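Trainee: Chain by chain, the residues run as shown.
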Amino acid sequence: MSWILLVEQALNGLQFGVMLFLMAAGLTLIFGVMGLINLAHGSLYMIGAFAAAAVAAATGSFVLALIASLAAAALAGVLIEATIIRRLYDRDHLDQVLATFALILIFSEGTRWAFGSFPLFLDRPEALSGTVSLPFGIEYSRYRLALIGVGLAVAAGLFWMIAKTRVGIRIRAGENDREMIAALGVDISRLYTLVFALGAALAGLAGALIGAIQSVQVGMGEPVLILAFVVIVIGGIGSVQGALVGAILVGLTDTLGGFLLPKAFALFLSPATATSVGSSLASMSIYILMAGVLLVRPKGLFGGA
Amino acid sequence: MTDPILKVRGLTKSFGGLVATRDVDLDLHAGEIHALIGPNGAGKSTLVQLISGALRPDTGSVHFDGQDVSALTTAARARKGMARTFQISSLAMEYTVLQNVVLGALGRRGDVFRFFNRVMKDQQLLEVADKALAQVGLQDVRAFRTSDLSHGQRRQLEVAVALTMEPKAFLMDEPMAGLGAEGSQQLQGFLDQLRHQAPILLIEHDMDAVFALADRISVLVYGEIIATGTVDEIRGNPAVREAYLGESAE
Amino acid sequence: MKLKHLLVTATCTALLAATAQAEGVKVGMITTLSGGGAGLGIDVRDGFMLAVEQAGRSDLEVVIEDDQRKPDVAVQLADKMIQSEKVDVLTGIIWSNLAMAVVPATVAQNKFYLSPNAGPSALAGKGCHKNYFNVAWQNDNLHEAAGAYANTAGLGNSFILAPNYPAGKDALTGYKRFYEGALAGELYTKLGQTDYASEIAQIRASGADSVYFFLPGGMGISFLKQYADSGLDLPVVGPAFSFDQGILQAVGAAALGVRNTSQWSKDIDNATNAAFVESFAAKYGRLPSLYASQGFDTANLLISAMDKADVADQDAFRAALQAADFASTRGDFAFGPNNHPIQDIYVREVIQEGDVFTNKIISVGLEDRGDAYAADCKM
Amino acid sequence: MTRESFLNAVLMGFLLVVPLAAWALDEPFIITLTTRAVIFAIAGVGLNLALGFGGLVSFGHAAFFGLGGYAMGILAYHAQTYTPLMDWPFVIEGTKSMLVIWPVAIVASGLAALAIGALSLRTSGVYFIMITLAFGQMFFYFTISWSAYGGEDGLSIYVRNSFPGLNTMDPIQFFAICYGVLVLVLAGVQRLAHASFGLALRAARQNEERLQAVGQVPYRLYLTAFAISGAITGLAGALFADLNRFVSPSMLSWQTSGEIMVFVILGGVGRVYGPVAGAALFILLEHTLGGLSPYWHVYLGAILLGVVLFARGGIFGLLAGREVAHD
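These protein sequence lines are chains A, B, C and D, in that order.
Quick note: the first sequence uses this note's numbering, first residue 1, plus one each step.
Quick note: the second sequence uses this note's numbering, first residue 306, plus one each step.
Quick note: the third sequence uses this note's numbering, first residue 556, plus one each step.
Quick note: the fourth sequence uses this note's numbering, first residue 935, plus one each step.
Calculated from the structure, these hints are not laboratory results.
Treat the hints loosely; a few may be bogus.
Claimed, not checked - Taking lysine-lysine and the DSSO-like style, the derived pairs with C-alpha atoms no more than 30 Å apart in a straight line are: (1) K681(C) to K1030(D); (2) K1030(D) to K685(C); (3) K933(C) to K863(C); (4) K681(C) to K641(C); (5) K838(C) to K1030(D).
Bear in mind that the values here come from a model prediction, so they are computed numbers and not experimental data.
Put together the whole structure using the sequences plus the hints.
Mentor: Here it is as structure tokens:
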């Protein structure tokens, strides 16, 4: 095992992490501002991917596909926020979990009804195909490198928005004190719709970006959803900063765990057993990480109060 | 003079850089009502939480009934007879009035880990519960759902639950808050009698009630006790006047 | 065998409940029609129903139910088919784990089961049963052919990977059974994993001269797209599952040129197959997949047995099935001693025909291949 | 008789009459379907103890359900292959007797719940939901790669386990066993709800501060409730595996946790008989909607959504009105 391979794996972990961040940022904002657990966030991811695949197939343009993913997911977000989610803000978590679980069923089967049961085709743009040579002789996928760039840019933009813009100030105020922000005369329901749409759009974008190198199919959102929850719980629910740290932590743990654990076990077990035990443990690793973090910090790494 | 029931020594607690209480000493003797007053933000709530065990002090100790209880949890202190009523009514709202007092009696008796008894048919618990309800005058509404009670009745129920604990001292956090003039008057009369059952540490905003009831008063300002004394001593204390005038000048 | 004794007890119980059969054959099809993986079930159903329709028999009735890919639902449906619908034959299950849940109980209740897709090793060896017929393949077959192909293609240092679950382990075992070269690496990935960057990096670093993977469904699509994107150009070999007609369009150009092994291909040269491909495309508006061909063959096997024997006469009907006297889309088709196919496994290459990605046979990987477990089967 | 207890009686009567009628009409599948509802109801009653009475929103109860299933699967597997479960330090044989399997399932899942609860209860609110989900996923992935017992393929048991004096392969007799277990579990939970423990536990859900003020520690109550809850769900898992004569990791998936939660909410959170109504309705919906369209999940989702938004308190909230305080 060379250290170049290790660096490459770390890059892969980082890339996985920043994509998780796109999902987790919306989830954590929605929870932080509105106090809502949204299980249907994975469906928005799926909608983004399907919209992108449909538009790419019709126009052949990846840029248009990305725009479509943002627009479709945001639109779906606004639609469910205005009709359903809005009624759930003052309900307890249990009602929210059940209602958004029901939304998953509706979205998944609805998508299958509209697009059929077979996976769709979505490819990365030709300009981003192939690999780039990084220092120290590392050959790395150009598209994945672009994903890291996009993810970090979105993260930076999000931090800037929250720190410097009026919407961001309102979001922060909303996180701290819901009555306060209403008292300040901010149109709270518009703010909520906006935050939800923003979270949805980010999820949709993630779906399209990831869909280009994975399979665009019904149900693709659910595994990602669970990972995104792990991320925001590790980071501390409501904290965008925590979501970023959590996402990268989860990305690295998953990638490096899957890579290193079988090798570590091979040091003292037979190769077949080591592969099997190591792989099993690797598939549990992020959940072990999450349980560990919560035991030490019951409100996550950045979950202060 | 006998040992105080509650003896607080040198309690200090800070949150980050902010000192909420500083080196507080406080005694509660048998048969007295000791009132704790102070402007908003003086640290009264923090002090109550430190005494009841909801918060841990940075330094200092709490002795109760001759024992050091500083390391005990809220629940353990409650079992020793420290009965607390809350600033905002803290009752099981879906329960009936009777269920709430039976819960108190059950907590006192301590055998909650019984899985097949019929707790609401337990004569021993019902006796304790009914006695407490009778004492606060709530026996007529014992079957009402707690959420259907008036504000004043909930206050009374809080006291009734505290009574089932066979308390050695009461820790009452603003019991008059939100009561009308008539309700306050009624409760005042009741507390006046209650002191003979167990002494009361009374945290209260209603100055008329404090001056009418208290045997002694301590004044907390910016986390420190600036004066302790009888009603007259406190009335004449210039430091207290300044603290309160300052507040009213806001 | 003591196990047999238990089975006999169960059989007797079931017999008591069974009532006299009506004329004709009633078939219960339990397959995956909703949720993830529905595409496979739909293909099997469509292939099966095409054959039924072409036969035009009034004495053949088919009841179709959706198992949602959940084992417990499949078991419920099997109970329903047997207890309420009183079917004679069950078929349709796509997934090995669902087959393991349904098949043993079904055959123990004296019903026939014809597998149009799954072929777990447990049911081919010790757990075989005279009423269980596999019309597709034993799970290892396509992987074995890939191993054999690697030898003839001169590949001597393969990197192999599969998900960490029983079928994944069987797949790599199957490959290694025929493959004679060295292994550059062997990986078990998480079931349902969608990102293979880490595995691809390990392949790159391993110095392998080829890659063999078994990643069914969306996992394979993700792997192939990412592999193509990684710039690695080692030859890739896989089983047909990742290159069937339903999936290929989603993988796109990333799959072009990949060699894969299959017992069926739309260009197998026989009249039955040509007619099947044409009529399937005409009826459903898409090209058939190997799953569709398996469904089609399963129905034709059943119909051939109906022509020879009455299903109420179990022994005669079983013998008629065993004879496999039907025109298979695969050409030569026979059953081995454990009622699993003996057939040729082809090596195909992914090509583009106009806008459509599809496969073309380039050689025969294994000829008249049975399976490795037949010797363990005592019927 | 209050409206709630009337509803309880109607519900239990319905669950008894349907399979009996099906038996008379020789429709064994209806019996099997009702048995499935009864077993799901037991799992829901278990979860309800934690969720309804203790306010502990566990998103990981599938782990206990699956553990109970595997307890049955492993014991029966060793019995049917005549291999001992363990050779060392002493020999443990498998078994096909339900009367042995049930206690094992109860103890195994109860202990697991005790361990998971002890760790998870350090958190609260959403964090609790998510940490229980995480533990559930850990168990799920573990069973998938546990090749000794079939991994994702699961374990098949050829014949149902035995119960003295009954033929368990006969649908109506197996139904009777499950119904009997449900009745016992309901009676137990009913007693528990009205016992000292129940009074204190439900008080803790409403107001932790109150419970501490009367000298009790919520954590201990929660943990006990969580362990009992896990044990009951584990027992349901053992029965479910026996119904299907099969156990596999799908019993431990997060969707299963979600479904058990749906039974509880659909029926009415905190009502002893709520999950029974919820499970029965769910099975009814699954059966009738499933026949309507391959996209029936859309309708199921819409109905669930309707219940959450417009019928707070579930079926019991709708039909029996506000919960009557019992004394």
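Trainee: Give a verdict on every hint.
Mentor: Here is how each hint holds up against the structure:
1. K681(C) to K1030(D): holds (21 Å)
2. K1030(D) to K685(C): Cα-Cα ~26 Å, so holds.
3. K933(C) to K863(C): holds (26 Å)
4. K681(C) to K641(C): holds (28 Å)
5. K838(C) to K1030(D): violated (51 Å)
When each numbered hint is compared with the structure, a violation occurs for hint 5 only.
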